[in-house]
Amino acid sequence: MVSVQDVSKQYTSGRGRVTALAEISFSVQSGQGIILAGKSGSGKTTLLNCIGTLERPDSGSILCNGRDICALSARERALFRRQEVGFVFQAGNLLPWLTVAENLQFPLELNAIRGKMQRKRIEELLTHFGLGGYEKAMPAELSGGESQRIAFARAIAHSPSLLLADEPTASLDSANGRQLIELMFSLCRSQHTTLFIATHDQELLEMTDEIIYLKDGRMRQSL
Amino acid sequence: MRFGFILKISGLILLRSWRATVVLAFMVVSAVASLVFLSSLAVGTNDAMIRNSTELFSGHIIGTDIPRKGDARLLAMAGVERVLIRRQRQFLLWKEDALEPVLLVGIDPVQEREGTALSKKTVRGRYVEAGEEALYLSQDTARRLQVDVGNEVSLGSRLGVPLKTFQVVGIYHTGISHLDQGQAFCPMDAFPGEEGFISTAVFLKPGTSIDNIVAQYRKILPSATFTPWMEFMPDLKQLIDLDDMCMAIVLTLVFSIVSVGISCAFLIFTLKNLREHGIMKAMGVLPIHTASLLVTQIGLLTVSAAAFGTLLGILAVSLFAHTGIDLSDFTSHNQYFVVSGVIYPRLTGTALFAPPLLAVSFGSMAAVWPALYVIRKNPAEILRSV
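Same order as they appear, the protein sequences are chains B and S. In this text, residue positions in the first sequence follow the numbering used here: the first is 1, and each later residue adds one. In this text, residue positions in the second sequence follow the numbering used here: the first is 1, and each later residue adds one.
Just so you know, the hints here were simulated from the structure itself, not pulled from any lab data. Quantities reported herein were computed from a predicted structural model and do not represent experimental measurements. We put the CB at the ideal spot given by N, CA and C, even for glycine. Please note that the accuracy of each hint is not assured.
Stated by the list, open to error - On the chain B side, residues computed to face chain S include the following (Cβ under 10 Å):
no. : residue
1   : R75
2   : F87
3   : N93
4   : L94
5   : F129
6   : Y213
With the hints as extra help, turn the sequences into a complete structure.
This is the structure in structure tokens:
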């Protein structure tokens with residue numbers, strides 16, 4: 001379960017102090033898939049980053065399975081991300097110098113899943129995502145859809161409890177985008193992974209009722 | 001994160017970004033190869049200076065107070081190229097009213113001609129030959145005695161008792177004061193009487209440890225005195241030590257500059273891959289592992305480039321090690337280049353290992369800046385900005 005309580009965050013930029021998040025509060029059950037919707041600059045990415053411990057909120061707390069992740073040290077946050085979080089970014093997610101299999105190997109190595117178990121998991125992921133035979137392919141050789149599927153496979157390779165996707169369909173056509181989101185929802189449901197997708201794609205909003213709307217860092221409509 | 005995995009990822013990054021790797025490696029390869037060659041050239045230059053100084057007459061080791069002539073033969077051992085035996089004693093030389101005290105040195109003309117370059121310093125006449133009652137005089141002594149080639153001079157004891165008459169067959173000039181003043185040479189069989197101190201000039205093969213040979217000599221002939229060239233030519237020793245120091249400074253300076261170059265180039269390379277570092281940090285890679293990844297990349301790059309550079313340097317040295325680099329045209333005006341103006345680059349432990357070791361240590365330092373840059377960056381900041 002993820003519980004966000006009164007989370008606020010401000011940035012200092014050339015425009016002065018900008019409120020990225022203002023007193024955001026909500027709770028999400030394990031295995032639930034949530035869409036964070038809003039226009040560009042509404043605070044979706046900042047909220048995603050705070051939940052994923054990439055950023056620390058100025059105030060408020062975020063509890064993940066009862067643990068306040070805002071109180072963690074830098075090292076603990078890195079270890080939390082390593083074990084509990086999977087990220088899918090907008091584009092250019094994959095490490096360009098590693099093959100598809102090596103990209104999938106990365107989070108497994110980080111989590112000390114090695115040897116036979118590692119090989120089995122990589123094979124399983126490639127088969128599941130319909131990318132069998134792509135083991136030795138380089139990211140540059142993949143299409144946008146294939147690349148995002150591999151990024152998704154890598155994000156869930158170590159079975160995290162949280163999957164955070166920031167505009168994962170931005171570089172895809174609508175059919176591929178829809179297919180990817182459907183895959184995300186179904187896999188997260190089956191693995192009890194809590195899913196957060198930040199998007200401003202109207203089409204995706206029709207795929208679920210579990211949406212948090214953000215505007216200027218404030219929640220406009222809760223779950 | 002296992003070191004093996006860090007090593008694998010570092011290797012793959014270098015291999016699959018081969019263009020950038022080649023450019024970065026080129027700097028290290030060229031620096032190491034040049035400096036292996038330059039260091040060997042510096043050793044060769046020192047060798048040439050020593051050769052020009054010792055092969056004129058003295059050898060690398062002077063042995064004095066040798067008890068018997070036969071004892072000198074014990075000095076021939078591994079690492080020794082030649083042992084020249086000489087007999088010497090103070091006499092008086094005179095011609096008419098001119099009188100000059102000299103140190104007369106009895107030599108084996110054939111062996112001396114083979115092993116020393118004194119005969120090349122003849123300004124008039126010729127070098128002495130075995131079996132003749134002849135003298136080879138320094139120009140200064142000849143001038144004082146007012147004699148020239150073909151003249152006869154008398155030789156007597158220091159009390160003025162006449163012993164022998166010699167014909168002057170050659171006059172030399174070396175430009176080195178202790179050889180140019182008060183010295184005269186005659187064939188060993190013409191040396192008057194049986195008295196006279198036995199001395200030796202020992203010539204070593206290149207790369208032989210002079211201290212080791214001197215130590216062995218002192219064991220074999222404890223009553224004799226053995227002096228290495230560093231003690232009787234302290235000015236040359238000082239020059240060579242300064243030369244070595246200068247070379248060390250050049251090596252350090254070159255690698256400092258190269259490492260700044262590597263650091264800048266590697267920072268650009270790291271900035272190009274900054275988003276990937278951001279993704280890895282987001283995946284939970286710890287700062288120590290980010291630093292290890294960058295240090296290992298530079299380490300792998302410099303180690304392999306330094307190894308390749310060392311091989312190239314060895315190749316360049318071996319190309320010139322036997323033929324040498326002939327600088328005679330530039331050295332002919334200098335009278336002290338009596339033996340040769342050819343420099344033979346020679347690899348020593350320092351010349352071989354100092355450049356690659358410096359490259360690797362300075363190269364590792366070059367990783368600090370890019371590593372600190374990436375570690376300090378927040379992953380969210382990286383992902384937002386790139």
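Hints versus structure:
no. : hint : in the structure
1   : R75  : holds, 7 Å
2   : F87  : holds, 5 Å
3   : N93  : holds, 7 Å
4   : L94  : holds, 8 Å
5   : F129 : violated, 18 Å
6   : Y213 : violated, 22 Å
Violated hints, in rising order: 5, 6; the structure is consistent with all others.
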